[in-house]
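Novice: Spelled out, the chains give:
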Amino acid sequence: MISTVYIEDSVQQHERTQTLVKRFPQATKISCERYSEVFNLSSQNFRLQKKRPALILAEKFKGHVLPAPQGYGIGSRHNFYFSHMLNCVYDCRYCFLQGMYRSAHYVLFVNFEDFQKAIDGRLEEFPNDQLYFFSGYDCDSLALDSVTHFVENFIPFFASRPRAVLELRTKSVQIKGLLKLKPIENCVVAYSLVPDEIARSVEHGAPRIKQRLSAIKRLAREGWRIGLRFDPLIYHSNFEENYRELFAAVFEAVEPEQVHSISFGPMRFPKAMFDTITKLYPREKLFAGPMEKRGAMVSYEDQIEKKMMDFCRDELERYVPQALVFTCMQESEI
Amino acid sequence: MVVALAAEAKPLVEHWHMTRDSTVSSFPIFVNSDGTHWLIQCGVGKIVAATAVGFLAQRAQATKNDAWLNIGIAGSATHSLGTLIIGHKISDAGGLRNWYPSQIFQGPGLGLCPSTEIQTVDRPSDEYPKSGVVEMEASGFCGAAMRFGTVELVQAIKVVSDTPDHPIAQITKENVKGSIANKMKSIELVVNELLDLSREATSISSEPLFYEELRRSIHFTVAQSHQLRRLLRRWEAVMPDRDPMGEISEKSTPKIVLAELKGILDTTPIDFSHSSKMPSIQS
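Protein chains in written order, with the numbering used here: chain F, 1 to 334; chain V, 1001 to 1283.
Be a bit skeptical, because a hint or two may be false.
Using C-beta positions, here's what the derived DEER-type ranges look like [said to hold, decoys possible]: (1) V:Pro1240 - F:Leu66: 38 to 46 Å; (2) F:Gly75 - V:Glu1250: 39 to 47 Å; (3) V:Thr1036 - F:Met1: 28 to 36 Å; (4) V:Leu1195 - F:Ser146: 32 to 40 Å; (5) F:Glu125 - V:Ala1259: 40 to 48 Å; (6) F:Lys62 - V:Glu1213: 52 to 60 Å; (7) F:Arg208 - V:Ser1225: 39 to 47 Å; (8) V:Ser1026 - F:Asp9: 39 to 47 Å; (9) V:Pro1240 - F:Ser76: 40 to 48 Å; (10) V:Ser1249 - F:Asp314: 38 to 46 Å; (11) V:Thr1202 - F:Glu125: 46 to 54 Å; (12) F:Lys271 - V:Gly1054: 28 to 36 Å.
In silico BS3-like links for lysine-lysine, alpha-carbon gap of 25 Å or less [unchecked claim]: (13) V:Lys1089 - F:Lys29; (14) V:Lys1262 - F:Lys306; (15) F:Lys50 - F:Lys279; (16) V:Lys1251 - V:Lys1262; (17) V:Lys1089 - V:Lys1130; (18) F:Lys60 - F:Lys117; (19) F:Lys293 - F:Lys307; (20) V:Lys1089 - F:Lys279; (21) F:Lys50 - V:Lys1064; (22) V:Lys1251 - F:Lys279; (23) F:Lys60 - F:Lys22; (24) V:Lys1089 - F:Lys293; (25) F:Lys293 - V:Lys1251; (26) F:Lys50 - F:Lys29; (27) F:Lys307 - V:Lys1262; (28) F:Lys22 - F:Lys176; (29) V:Lys1064 - F:Lys271.
A short, non-exhaustive set of chain F residues, derived as facing chain V with CB atoms under 7 Å [stated by the list, open to error]: (30) Glu37; (31) Ser43; (32) Ser201; (33) Ser237; (34) Ala288; (35) Pro290.
If you're looking for bench data, these hints aren't it; they were derived computationally from the structure. In this text, all values refer to a predicted model and were calculated from it rather than measured experimentally. For glycine and all other residues, C-beta sits at the position ideal for the given N, C-alpha and C.
Bound conformation, chain V alone:
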């Protein structure tokens, strides 16, 4: 999670029981006890938001399959005060690029909150766009997070903190904290959806069963390890109930293991009759 202000961070830190990472001083960073949720407080502006993404990616050793969420406050002339929105298009008032966070878990019947355009500006303004919301971090956040992660796992959500009737000058730390805290249930749903997708993406590339076990007992070169991984994945697809370890001769060398696995796989007919059935779209 990337937030600009301490007042935005506080309710999130409390909700996920995160504690301050005392080993870093460049940005306040918070993490929960099992290391699944990280939060960085970047300060105001798109440049620091982008920098913070890079910093947190390094600190948390983020992978391509980790999810990124920008949470903050925004102004709007069309959404009422306290509304939570999710960005479907992020445009930068000072640049030429737009970003389009994926709408995988949005849409009719699924809408966790309304989606709209987020316009990122360089300084606070009381001029509101005709539609959507305006704020100061999302474009920097998206530009950086979509480099480190997968587009489908990068989102920005904003709580409307000011409108033409409730101008920016009236924003206080307390009402920022309150706005975020009031929407915690919806924020948590978004976080959980992202985590589900992240887990799914991670499971796709997870190592096959017995891969690490075999590598611990026999020394495979890098190239042989790749072959072993491919063979064990084939094994999982064709014979998920058969233990490959039982097929390997004692005192095997890497070459013999690979040959034995390949030999069995190449002579095992592929049977599609027991595969999972998917529904038909009927179009």
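In isolation and in its complexed conformation, chain F is listed as follows:
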């Protein structure tokens, strides 16, 4: 899958780098001074690069753990995110990463220890509170776990820090790493889900919904706490029927008491990001619906958004208590 690996000079000798390059004996290894020489140059074409992305092994020097965007939380006052990787192996048409970076290469920061120090720093900042750390903001938390060993490195770390809750956001069925470990209370394995018809059409390369539900079932049976993320909600001709079917399938796979939290929110993009993505995919059905510019955002028309949100909230509350259900929107809009 990976045929080219760029390696920053500063991490050539890093133990994790040495292990990682052995995973790709056939790949061309190319040294670079900084990952920014290869990643996100102004004249790169995301769509062409996505045909054969390279892996870039790099070091992150600052900004390891950042406050999560407003509306991203699941009940806590203190929400942070950290990105050991930039970009995702999947190619979901609604993904903001397409509009965020001009490059489709995967950047893996190998200095995991510095992320962990930064997490400890945040815990010291708020000594009496529970803090949430989201790991799947700029990447899928698990999709490349067999390569990165992220789970093996971070679950034991969080196990000894019960005040810190880790969310692994994923669509991946790469759960071997988790199944090898004893489940911990302060980790939520959060699956992104859309109706199967949508997944097949717009989540290119991602595991089928059926496979994701099998992974959820397995993890829940082993005692891992499950998060369900119906975000973004996508408007389409049979949305009520399709979302009703999806929720029914989900709660057939997982018992409500195994669910840590559910969140859902409509598809929305900052205007500039929407323009970038629609330039990359001008004939994409996903963006052909009744969308409008509202303030700095592009979203479905107000009444459609409300209709979808109300419908999904009512349906979800048939399965789980209201307290577990969160909306992913700016606070001012909730």
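Given the coordinates of chain F, work out where chain V should sit on it, guided by the hints.
Specialist: Frame of chain F, contents of chain V only:
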């Protein structure tokens, strides 16, 4: 295509049946009959290579989606004489910058030729780098071509013309011509891969069906044209089999056309059940 020497240009010009563009004298420029392949012969050195890229971009009215290829000879201590290589890193011995041509069509199973580092120097040298190849144009070429074009569409390929055992002094016009001609099959494969990518990039931003036709029959302002383009692209995505021209009233004004198209699109439910299916990565 950008080459330094006449001896490098000759086999390429012959292969693609290009003829000299007699309207310019600053650089020898060659073009094929349908204008799809251009070649400029820049002379030796990175400065003239960069200048030639700019000159050809203007002359050929190159767009962001056009491909650029530097073809030439190079010295190497690690690759044998006559080997064709493609650059995966271009470094400039006199500068601080490196360039990284995309490896989209390289890699195991796809390798058209081995990839390596190309080091650009300012004057001919019989000192060879420990790895890769050394030559005199690639850094200037890449620096300029990546400004005019897209990184994924800029490549440099080199045929090894001298090694410690076959020093630079032994290079002749004839063996330069022969080295390039011997690798023509591989060079053509690289050119074709680049052209495929270029066509793909161009098709992404191509105008939607009926856009030009509508603009010819009704006068749209610039802003209205943008709206029309967006609406017709939505139309192509949602109703590719339905002709939008049939939905437009006779004697329509631009405002009415836009309103009619928008009205239909906003009330047409999006059906994802007939979309193309992509394979799952299973990770």
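Novice: If a hint holds in the structure, say so; if it does not, say that too.
Specialist: These are the hints, each one checked on the structure:
1. V:Pro1240 - F:Leu66: 38 to 46 Å: holds, 42 Å
2. F:Gly75 - V:Glu1250: 39 to 47 Å: Since the Cβ atoms of Gly75 of chain F and Glu1250 of chain V sit about 59 Å apart, the hinted range of 39 to 47 Å is violated.
3. V:Thr1036 - F:Met1: 28 to 36 Å: 33 Å Cβ-Cβ, so the 28 to 36 Å window holds.
4. V:Leu1195 - F:Ser146: 32 to 40 Å: Since Leu1195 of chain V and Ser146 of chain F have Cβ atoms about 36 Å apart, the given range 32 to 40 Å holds.
5. F:Glu125 - V:Ala1259: 40 to 48 Å: Distance hint for Glu125 of chain F, Ala1259 of chain V is violated at roughly 55 Å.
6. F:Lys62 - V:Glu1213: 52 to 60 Å: Holds: the Cβ-Cβ distance is about 54 Å, inside 52 to 60 Å.
7. F:Arg208 - V:Ser1225: 39 to 47 Å: Given about 41 Å between the Cβ atoms, the range holds.
8. V:Ser1026 - F:Asp9: 39 to 47 Å: holds, 40 Å
9. V:Pro1240 - F:Ser76: 40 to 48 Å: holds, 46 Å
10. V:Ser1249 - F:Asp314: 38 to 46 Å: holds, 42 Å
11. V:Thr1202 - F:Glu125: 46 to 54 Å: holds, 51 Å
12. F:Lys271 - V:Gly1054: 28 to 36 Å: The hint (28 to 36 Å, Cβ to Cβ) holds, given that Lys271 of chain F and Gly1054 of chain V are roughly 34 Å apart.
13. V:Lys1089 - F:Lys29: holds, 11 Å
14. V:Lys1262 - F:Lys306: holds, 21 Å
15. F:Lys50 - F:Lys279: Holds: Lys50 of chain F and Lys279 of chain F sit about 15 Å apart, inside 25 Å.
16. V:Lys1251 - V:Lys1262: Between Lys1251 of chain V and Lys1262 of chain V the Cα gap is close to 18 Å, so the pair holds against 25 Å.
17. V:Lys1089 - V:Lys1130: holds, 15 Å
18. F:Lys60 - F:Lys117: holds, 12 Å
19. F:Lys293 - F:Lys307: Within the cut-off at roughly 18 Å; holds.
20. V:Lys1089 - F:Lys279: It is violated: about 29 Å lies between the C-alpha atoms, which goes past 25 Å.
21. F:Lys50 - V:Lys1064: It holds: about 18 Å lies between the C-alpha atoms, which stays within 25 Å.
22. V:Lys1251 - F:Lys279: Roughly 32 Å separates the two Cα atoms, so the pair is violated.
23. F:Lys60 - F:Lys22: Holds, because 22 Å separates the two Cα atoms, which is no more than 25 Å.
24. V:Lys1089 - F:Lys293: The hint is violated at about 43 Å.
25. F:Lys293 - V:Lys1251: Answer violated: Lys293 of chain F to Lys1251 of chain V is near 30 Å, above 25 Å.
26. F:Lys50 - F:Lys29: holds, 19 Å
27. F:Lys307 - V:Lys1262: holds, 21 Å
28. F:Lys22 - F:Lys176: holds, 20 Å
29. V:Lys1064 - F:Lys271: holds, 24 Å
30. Glu37: Given a least distance of 6 Å, the restraint on Glu37 of chain F holds.
31. Ser43: Hint on Ser43 of chain F: holds, closest Cβ of chain V at ~5 Å, below 7 Å.
32. Ser201: holds, 3 Å
33. Ser237: Holds, because the Cβ-Cβ distance from Ser237 of chain F to chain V comes to roughly 3 Å (cut-off 7 Å).
34. Ala288: Holds: closest Cβ of chain V sits about 4 Å from Ala288 of chain F, inside 7 Å.
35. Pro290: It holds, given that the least Cβ distance between Pro290 of chain F and chain V is near 4 Å, below 7 Å.
The structure does not agree with the numbered hints 2, 5, 20, 22, 24 and 25 stated previously, though it agrees with the rest.
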